[in-house]
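Chains G and S, in that order, give the protein sequences.
Position 54 of the first sequence, counting from 1, maps to 58 under my numbering, and the rest follow consecutively.
Position 147 of the second sequence, counting from 1, maps to 151 under my numbering, and the rest follow consecutively.
Some hints here could point you the wrong way.
If chains are identical, the list can't say which one is meant, so a pair holds when it fits in one copy or spans any two.
[Unchecked claim] List of simulated lysine-lysine pairs, DSSO-like, C-alpha gap at most 27 Å:
| id | residue 1 | residue 2 |
| --- | --- | --- |
| 1 | K8 | K97 |
| 2 | K149 | K89 |
| 3 | K23 | K8 |
| 4 | K191 | K147 |
| 5 | K191 | K11 |
| 6 | K97 | K69 |
| 7 | K89 | K8 |
| 8 | K11 | K147 |
| 9 | K69 | K149 |
| 10 | K89 | K11 |
| 11 | K85 | K69 |
| 12 | K146 | K69 |
FYI, nobody ran anything at the bench for these hints, they're computed from the structure.
There are 2 protein chains.
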Amino acid sequence: MSLKLSKTLILGSQSPRRKEILQLLGFEFSIRVLDIDESFDTTMMAHAVPKYLAFKKNNAIPIQKNEILLTADTVVIVNNKVLNKPENESEAKEMLQMLSGNKHTVVSACCLRHEDRIIEFSDECIVEFQTLDEIEINYYIKKYKPFDKAGSYGVQDFIGLMGINSLEGSFYTVMGLPAHMVYSHLKPFLLELTLNS
Amino acid sequence: MSLKLSKTLILGSQSPRRKEILQLLGFEFSIRVLDIDESFDTTMMAHAVPKYLAFKKNNAIPIQKNEILLTADTVVIVNNKVLNKPENESEAKEMLQMLSGNKHTVVSACCLRHEDRIIEFSDECIVEFQTLDEIEINYYIKKYKPFDKAGSYGVQDFIGLMGINSLEGSFYTVMGLPAHMVYSHLKPFLLELTLNS
């Protein structure tokens, strides 16, 4: 038994975390991805970047009349600077040293498209890391290889568990999708919440 | 490859969420549980309850010289009242209606014992729920049967994802163990964080 929508939900992301969040919510969906250039103008305001990229991804993926397409982008912002996915171990190490003992902001923006209608929304969460030892950072990078993660960390693996003292906002926004907002924007398409299985 | 401790870690809890948190941290451990009376004096201050119960559970479970025993208890507090595990559907519904559209506090207390030494620590997190529809509450209770969960909800399932706007504190504290504190208290027993696999 899962949540039935009146339209076919398409997730335009290959992030296993986003897939997991939609599954935890209980939606049925399929995945459709294209290789999209994720570059952006570096003079852009940091907070505008994920909205820009979520829209860009959405715009690139074709959909049918009965489909709703959800795309998203998540960025880590420290001192007004966007941290992307690290290119190598030394960049990952540098990012984690910037986050250690500090607060940073995670913004997840979403873009939802159905026929010609586009809905954009985003959410942010402040994340506080305790001070990380160099040996912990090295261990994490070697073992978890966080090269597909903005800011070089996953909130749901070793360094997220041992390192994060506190969040102000939604955990799932840090993980990659503001689950409560995704649900409320998909709610108008929900067929039923009754138990018929 | 996992985190090696100089002692054998025993988790004194049958909560699948606590087991998952220790596994995500990367510890090797085994589980040892006894059927322990979880009642408490209802005149006790709400915040003191989880500490009392974590200690009570710890005290009841026998350990060997080379073992460290971790026990924990999590409570949901609304208006200075402790919400336990619900006994039936109508109690679960009543609890979720109290949480809907409100903030509440989750306290997770831990007790760690090695030989004659006992360490106690606890953490709290403020959780904000958006307003839940009755149909959502009914659907959740029928489908997820949250009868093993304090306050009738799991932060990592449907109602936690669609209903929680925001946390102030640690997600894992709400899930059942303050992961960052468990790690820092077990760190003195860590053998190494180098990669030897």
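Please list, smallest to largest, the hint numbers that this structure does not respect. 6, 7, 9, 10, 11, 12
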